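Colleague: Fit chain W with the ligand to the known structure of chain A by using the hints.
First to last, the protein sequences are chains A and W. Per this note's numbering, the first sequence starts with residue 253, numbered consecutively. Per this note's numbering, the second sequence starts with residue 183, numbered consecutively.
A couple of the hints might just be wrong.
[Unchecked claim] Distance windows between CB atoms, simulated:
| # | chain 1 | residue 1 | chain 2 | residue 2 | range |
| --- | --- | --- | --- | --- | --- |
| 1 | W | 934 | A | 301 | 51 to 59 Å |
| 2 | A | 488 | W | 627 | 30 to 38 Å |
| 3 | W | 200 | A | 256 | 47 to 55 Å |
| 4 | A | 410 | W | 934 | 40 to 48 Å |
| 5 | W | 310 | A | 403 | 44 to 52 Å |
| 6 | W | 199 | A | 397 | 49 to 57 Å |
| 7 | A | 290 | W | 210 | 29 to 37 Å |
| 8 | A | 301 | W | 210 | 31 to 39 Å |
| 9 | W | 412 | A | 511 | 38 to 46 Å |
[Unchecked claim] Below, computed lysine-lysine pairings styled on DSS-like, alpha-carbon distance capped at 25 Å:
| # | chain 1 | residue 1 | chain 2 | residue 2 |
| --- | --- | --- | --- | --- |
| 10 | W | 480 | W | 415 |
| 11 | A | 294 | W | 207 |
| 12 | W | 236 | A | 441 |
| 13 | W | 826 | A | 441 |
| 14 | W | 480 | A | 351 |
| 15 | W | 480 | A | 294 |
| 16 | W | 415 | W | 654 |
| 17 | W | 953 | A | 441 |
| 18 | A | 351 | W | 826 |
| 19 | W | 347 | W | 483 |
| 20 | A | 441 | W | 947 |
| 21 | W | 820 | A | 441 |
[Stated by the list, open to error] A short, non-exhaustive set of chain A residues, derived as facing chain W with CB atoms under 8 Å:
| # | residue |
| --- | --- |
| 22 | 253 |
| 23 | 338 |
| 24 | 438 |
| 25 | 440 |
| 26 | 441 |
| 27 | 515 |
| 28 | 519 |
| 29 | 526 |
Calculated directly from the structure, the hints in this document are not laboratory data. Quick caveat: nothing in here was measured; it's all calculated off a predicted structure. Where is the CB? At the ideal position from N, CA and C, for every residue including glycine.
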Amino acid sequence: MIPAPFEYDAPATLDEAIALLEKHGDEAKILAGGHSLIPMMKLRFASPEHLIDINNIPGLSYIKEEDGYLKIGAMTRESELEESEIIRSKYPIFTDASKLIADPQVRNMGTIGGNIAHGDAANDHPAVMLALKAEVVATGPGGQRVIPIDEFFYGFYMTALQPNEILTEIRIPSVGAGTGNAYHKLERKVGDYATAGVAAQIAVDADGICTYAGIGLTNVNATPLRAARSEEALVGKKLTEETIAAAAQAASEDCNPSTDLRGSEEYKRSMVRVLVKRMINKATDRI
Amino acid sequence: MGHSIKRKEDARFIQGKGNYVDDIKLPGMLHMDIVRSPYAYAKIKSINAEEALKIPGVIAVVTGKDLEKYNLHWMPTLMSDTQMVLPTDTVMYQAQEVAAVIATDRYAARDGKEAVMVDYEPMKPVIDPFKALDEDAPVLRTDKEGKTDNHIWNWSVGDKEATDKLFDSADVTVKEQMHIPRIHVASIETCGCVADYNKVENHLTMYMTTQAPHAIRTVIALVAGHVGLTEEKVRVISPDIGGGFGGKVPVYPGYVIAIAVSFLVGKPVKWVEDRSENLQADSFARDYHITAEMAATKEGKIQGIRFKLLADHGYTDAAANPSKFPTGLFSICTGSYDYGTAYLEADAVYTNKPPGGVAYRCSFRVTEAVHAIERITDRLALEIGKDPAQLRFENFIKKEDFPWKSPTGWEYDSGDYHAGLQKAMDAIDYEGLRKEQAEKRARGEMMGIGISTFTEIVGAGPSKDFDILGIKMFDSAEIRVHPTGKAIARFGTKSQGQGHETTYAQIIAEELGIPAEHIQIEEGDTDTAPYGLGTYASRSTPTAGAAAAVAARKLRDKARKIAAYLLEVSEEDLEWEPGKFFVKGAPEKAKTIQEIVFAAYTNHPQGMEAGFEATHYYDPPNLTFPSGAYICVVDIDKETCEIKVRRFVAIDDCGNIINPMIVQGQVHGGLTQGIAPAMYEELIYDEDGNILNGTLMDYLVPTAVESPSWETGHTITPSPHHPIGAKGVGESPTVGAPPAIANAIVDALSPYGITHMDIPITPYKVWKVLKEKGVVE
Ligand SMILES: Cc1cc2nc3c(=O)[nH]c(=O)nc-3n(C[C@H](O)[C@H](O)[C@H](O)COP(=O)(O)OP(=O)(O)OC[C@H]3O[C@@H](n4cnc5c(N)ncnc54)[C@H](O)[C@@H]3O)c2cc1C
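So here's chain A without its partners, still in its complex pose (with noise of 0.2 Å):
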């Protein structure tokens, strides 16, 4: 449980660490709360040479709502999410989320920002972001770039980040009246990560017919999936049993789970089903 040996920079601005970035390229790697980096550098399954440590930088870490977005800075921790309370009343999803990722403990070092930029489909943020059609603020060089969350992840440990850009902060189109949203996941034990998760936000007008459809789907495909079919399935439609069925039905048919300890490809479809019917219906009880 010992790394590799590394060299470690904390700079106190964004331009010195985007600077550090483009000295050591490749070989550097962003610190924020370590939680995902630091297990996997004492596994040895990561050895970079520089760690460069954000936590040192002010103004990266807030929760605020500005020009109908939902902005999240990507230093805050999960805890800080857990606590907000714009968050707690009109974006329950999250609360939901951060609940089941790992420990009070990782909680209250692991960022909103690392769970993303980590790029693995195993961690919950990213479903939610799909959800929720999120957009992703990266700082390089050059000034900010604004990346939508459905063309951030890449393949395994892959994001479209720059190895010379940091992810600053999260942008979530706010949410109006008519609109819920819930995250759940099945877990083998609490801190473990999903066998499946689903995350589901909708939104439905005064006739009861769904206009705004966003599911992501946690853990069952190599990168972070969004359930495009089953969105589609509702948008437009009344939230009947049959309609939602249908939804269901269809996320557990494209996700791309693969058989493992946590269970076979077919039990992971058949929990990407009742957890789809299970959250469109959680999200709609919350509007």
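Modeller: Quick look at chain W with the ligand alone, frame taken from chain A:
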């Protein structure tokens, strides 16, 4: 006795002032890390340490060939089998020690380990214990001369002929094939040591995480006597231990390598495993395949059992059972029921898996026995359509029939099984639950109720039957009372969290009348403590606790003599009440124990030995037989198959209770270690012998979140032969809980034709069987 005084040891633990092996730092101390095999079975073609030795701080890489020069490359196991310390040519299981890197600091040692290049030639391993017995299976232990198969031993007890006859003619017989999975003893503290050999004195001080320091000293002397480390030159110190549970009884190769290196370089060497090494390489527990059968009349009178078991010991038999009992006390498998016919046959095999077979929080394989008997009893209830509580009531050994002789040769000391089960049923409202279950079943919901009414067998043990490597399984206490009436007492046992510093003090306080807070308890230093076999198998209270009571009584006899002298009366005229002797009929004429002790040093009667000390080596006349009645209620989600333990009532009978709070703490912890194998834990290997869940991310140790709110209680049936009527409780809950949970889950699933499921029973496993039955999508 009977008081929940706060634990004396907690003051240091809760302030972070415990002193564990890894806290020990000696001048000039070197650090060791161990290179381990990635293969389950392979020839070692070469070990190249060149790159490792270039790393600053790395001073040596030790291999089997190096140890061979001193004949230290092999060691005996506690079961008189043999085990490699470091291999010279072949590795026999994944994570086996291959070489040791010695460095001036811990980090360099770890980097050195990464840089050692080992060239292996992998071979096809034998993983399945049943296939290990095939005629054409490769013979694994070619180191043993004349060995032609992978069979280790065969052991049987009971009357085979009568049992076979019974099974041929019985009204009803039931049979299930069960696997009690291989599990890991996940103590918070991993194993480790600091071996400190002093060349000038030719003396070894071994600080180590061991539950049995005295036995370890003897083993070291037996293994290393030929290089000059005879027993008086060896001191074993077992400091604070963060959980043992049987996993800190064996001698691991790392200890021996550390000693060898310290011996050769003359400097202290520290070795502390990391979490994954602890999980992957140290002795496992359980791993019994059991064919359990029960015969009964059609009315449900149990008539007999026939059990056949196959024990997978991995590469070597590194269990820690008493010598005469290769399958431990598994023969308690007749349970709490009254019948006269039983036959049990056991075989053990070698496979290419880590060695072991330790008793994880269980008195030598009792957990496996209890699981099998409690499951098969429920199976019988299902077969004949009788309520499992009713079936148990009708078959229990009656209170008045104790001492009771079991068909496998034990004499149960005492018990009141009816009272325990009735109390548990009342506490949980058994009738009400069965009603609720019937209603839920009608609606297609899954709810189950499971019972386990187990009998334990602990406190090993009487010297006529019990020894480890020839050393009889007595235990000891030495009490010294100082002139001012304060005492120190030392024991051959070693607490790993059980609270000995408190309970032993309470026993002595009860017997001598000195307040418990004035009695200092010390264990774990072989230079100061009297010899004993250590703490495991719930044996501390039954053996060393008894020794404390007897030693204290010896002192009380001396106190009586001194009091008679001081009060100028004859001994017969004196009466004892805790804390003082007084003259019969004249209670104002009294001497307190403190006054008497003071006199023992200042004014003792002529002709009497001065001082106030006593030692006792207690050889128990019998084992003790704690029991319990556990009832568990589960609800199963019909879609996800998640299992929720809604309630769990545990009524334990451990005889007289010394400290109720400590007993309750033991029960809570033990129950949690009972849901562990029932629902979560299992070491899983693929067919190449790779462990598939080698970290705690995948080896699922349950936490407070997974634990239901335990509801505990007790009945008290004192042991008639134990000096204070106590029986031992540390392990009962771990032993008794798994079948209660398994029975509850199978009960929930029984409407769908399911009669048995192997633990751990996970939602995925439930989903699979219900899918097969067409119940879930
Ligand atoms: C026992 C345990 C259980 C866990 N269980 C779960 C779980 O159930 N669900 C779950 O979602 N997570 C789980 N986690 C992971 C945890 O949530 C991590 O904290 C999180 O995934 C990463 O956040 P971090 O801030 O710790 O990132 P770090 O570990 O510091 O970084 C992770 C990766 O992201 C990169 N990175 C971090 N921040 C940035 C940034 N701003 N810009 C660019 N790159 C960045 C790092 O370079 C690194 O490659 C668990 C962790 C542990 C230790």
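Colleague: Against the 25 Å threshold, does the CA-CA distance of residue 415 of chain W and residue 654 of chain W hold or violate the hint?
Modeller: Roughly 23 Å between the alpha carbons, so the hint for residue 415 of chain W and residue 654 of chain W holds.
Colleague: Within 25 Å, alpha carbon to alpha carbon, are residue 294 of chain A and residue 207 of chain W?
Modeller: holds, 23 Å
Colleague: Decide if the proposed pair is consistent with the structure: residue 351 of chain A and residue 826 of chain W, CA atoms, cutoff 25 Å inclusive.
Modeller: holds, 19 Å
Colleague: Would the hint linking residue 347 of chain W and residue 483 of chain W be met if the CA-CA limit is 25 Å?
Modeller: Roughly 17 Å between the alpha carbons, so the hint for residue 347 of chain W and residue 483 of chain W holds.
Colleague: Against chain W, is residue 253 of chain A within 8 Å by beta-carbon distance?
Modeller: Holds, because the Cβ-Cβ distance from residue 253 of chain A to chain W comes to roughly 4 Å (cut-off 8 Å).
Colleague: Within 38 to 46 Å: is that where the Cβ-Cβ distance between residue 412 of chain W and residue 511 of chain A falls?
Modeller: violated, 57 Å
Colleague: Hinted pair, alpha-carbon criterion (25 Å max): residue 826 of chain W, residue 441 of chain A. Please report holds or violated.
Modeller: holds, 12 Å
Colleague: Starting from the hint 29 to 37 Å, judge whether the C-beta atoms of residue 290 of chain A and residue 210 of chain W obey it.
Modeller: At 31 Å between Cβs, range holds.
Colleague: Verify the proposed pairing of residue 480 of chain W with residue 415 of chain W, using a straight-line Cα cut of 25 Å.
Modeller: Measuring from Cα to Cα gives roughly 65 Å; hence the hint is violated.
Colleague: Under the criterion of a CB-CB separation shorter than 8 Å, is residue 441 of chain A in contact with chain W as hinted?
Modeller: holds, 5 Å
Colleague: Given a hint of 49 to 57 Å, does the C-beta separation of residue 199 of chain W and residue 397 of chain A actually sit inside it?
Modeller: holds, 54 Å
Colleague: Could you check if residue 438 of chain A really has its C-beta closer than 8 Å to a C-beta on chain W?
Modeller: holds, 6 Å
In summary, the numbered hints that this structure violates are 3, 9, 10, 12, 14, 15 and 23.
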